Amino acid sequence: LAKTTQPISMDSYEGQEVNITCSHNNIATNDYITWYQQFPSQGPRFIIQGYKTKVTNEVASLFIPADRKSSTLSLPRVSLSDTAVYYCLVGDPYNFNKFYFGSGTKLNVKP
Amino acid sequence: DTAVSQTPKYLVTQMGNDKSIKCEQNLGHDTMYWYKQDSKKFLKIMFSYNNKELIINETVPNRFSPKSPDKAHLNLHINSLELGDSAVYFCASSKRDHYEQYFGPGTRLTVT
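Protein chains in written order, with the working numbering: chain W, 1 to 111; chain R, 1 to 112.
If you're looking for bench data, these hints aren't it; they were derived computationally from the structure.
One thing to keep in mind: the hints can contain errors.
To be verified - Distance condition first, Cα-Cα at most 35 Å in a straight line; then the derived DSBU-like pairs of lysine-lysine:
#1 R:44 with W:3
#2 W:52 with R:95
#3 R:22 with R:40
#4 R:40 with W:52
#5 R:36 with R:19
#6 W:69 with R:95
#7 R:40 with W:54
#8 W:69 with R:41
#9 R:67 with R:19
#10 W:69 with R:36
#11 R:67 with W:3
#12 R:9 with R:71
#13 W:54 with R:95
#14 R:67 with R:95
#15 R:22 with R:71
Since this is a predicted model, take the numbers as computed values, not measurements.
Next up, chain R with everything else stripped away, as it sits in the complex (with noise of 0.2 Å):
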């Protein structure tokens, strides 16, 4: 049984187009967490959710938003894409003391 899994893991869209990214998580977590990682590999926070409130939202542009239908998922929608949205997106997940966090396996997303 995956404990966080994402789909797609492949997304090739071209600018300006709207895509959505899926997390599902049974490890039974409160809080869910979306992240970019850029090709030089940093690892940047963009949202928390903890029993379907936001929690954390760092400055992402508002093309990104969040969305909970329940607390097993955290669903990434981006509207008209651009070409710096280019890079992996990876959805975790936590208890409330959220050091230890799980990772789903990324989504590469590629804007042409």
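Chain W with its partners taken away, still in its complex shape (with noise of 0.2 Å):
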């Protein structure tokens, strides 16, 4: 199991680019790297998935370096909305492999 790191929390003021790292020091060649957000009281919510260089979508980019040993979520400009866990996955989506969450990073957002 690839297990992953991530720092406990962070801060952050609105309009800022926020970057959150993951460290899977032993992830396997066939695992991918996924994102998910979560709000308090709701269900994790896709964010973005990723195997390697770089990846954007209309919410946040995902960087991950030659060595897929660590990946950085970057949320571009948040805003107070943006206040929630964001946890780290990683495994393999074409088996059915167990795959592993993270310990999530409580993002604040201050005005």
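Mind docking these for me? Both chains are given alone in their own frames, and the hints should help you get the complex.
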């Protein structure tokens, strides 16, 4: 299992770019990296997924270095509504192997 | 239309009781999951079902048993409830390439 490590919490201000890093030193060849967002009293919501280099969608960007031992979720110009817990998940989406959620990073966006 | 729904939203019960949580998805997904989120917000996968076959079974007590009557439903039965079972339980579903999972709203189980 590719265990993941994330910072417990981060603070930011509205309008700033936020980068949250996840470490996954023993990631396997077939593993993908996925990020989820969770608001209080709600289920997690998919944000972005990638395998290597950079992936961008309308919500975020995901940067994955060549060795794939870490990944960085980048949220551009955060707002108060981005205050949530962000989870990094590493696993193989094409085989029914076990996958592992990180402990999550609590992002607190201040006005 | 709710994509993934769970019932009940809250469940308060006493130790030793048996309870069930229901989950339904209307996304046409092949795979459904149950997760447990404890008070420290750790998300732990408990079970996964693909086309009515159990494909992931974490080291959970056998007091927990998933039941899937069809592809759209995955219910969780818990026997002889213990204090440590108190948590939020999430149901989720995905297509076969399961990196994008859709989660339900959660069921907060409190065992007294």
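Here's how the hints hold up against the structure:
With a C-alpha separation of about 12 Å, the suggested pairing of residue 44 of chain R with residue 3 of chain W holds against the 35 Å cut-off. Between residue 52 of chain W and residue 95 of chain R the CA atoms are separated by roughly 22 Å; this keeps the pair inside 35 Å, and the hint holds. With a CA separation close to 24 Å, the supplied pair residue 22 of chain R and residue 40 of chain R stays within the 35 Å bound. Our distance criterion of 35 Å between C-alpha atoms is met by residue 40 of chain R and residue 52 of chain W, whose separation comes to about 30 Å.
Pair hint residue 36 of chain R plus residue 19 of chain R holds up; C-alpha atoms about 15 Å apart against a cutoff of 35 Å. At most 35 Å may separate the alpha-carbon atoms for a hinted pair to count; residue 69 of chain W and residue 95 of chain R meet this at roughly 26 Å. Of the pairs offered as hints, the one joining residue 40 of chain R and residue 54 of chain W holds, with about 31 Å between alpha carbons and a cut-off of 35 Å not exceeded. Proximity of residue 69 of chain W to residue 41 of chain R is assessed by CA-CA distance (about 24 Å); at most 35 Å being required, the pair is judged to hold.
Distance check on the hinted pair: residue 67 of chain R and residue 19 of chain R sit about 13 Å apart at the alpha-carbon level, within 35 Å; holds. Distance hint between residue 69 of chain W and residue 36 of chain R is fulfilled; the C-alpha atoms sit about 27 Å from each other, no more than 35 Å. A distance of roughly 29 Å separates the Cα atoms of residue 67 of chain R and residue 3 of chain W; the hinted pair therefore holds under the 35 Å criterion. Restraint check for residue 9 of chain R and residue 71 of chain R: the C-alpha separation of about 22 Å stays at or below 35 Å, so the hint holds.
A threshold of 35 Å between alpha carbons decides the hint, and for residue 54 of chain W with residue 95 of chain R the separation of about 23 Å falls inside it, so the pair holds. Restraint check for residue 67 of chain R and residue 95 of chain R: the C-alpha separation of about 19 Å stays at or below 35 Å, so the hint holds. For the given pair, residue 22 of chain R sits about 13 Å from residue 71 of chain R by alpha-carbon distance, which is consistent with the 35 Å threshold.
When held up to the earlier numbered hints, the structure conflicts with none and fits them all.
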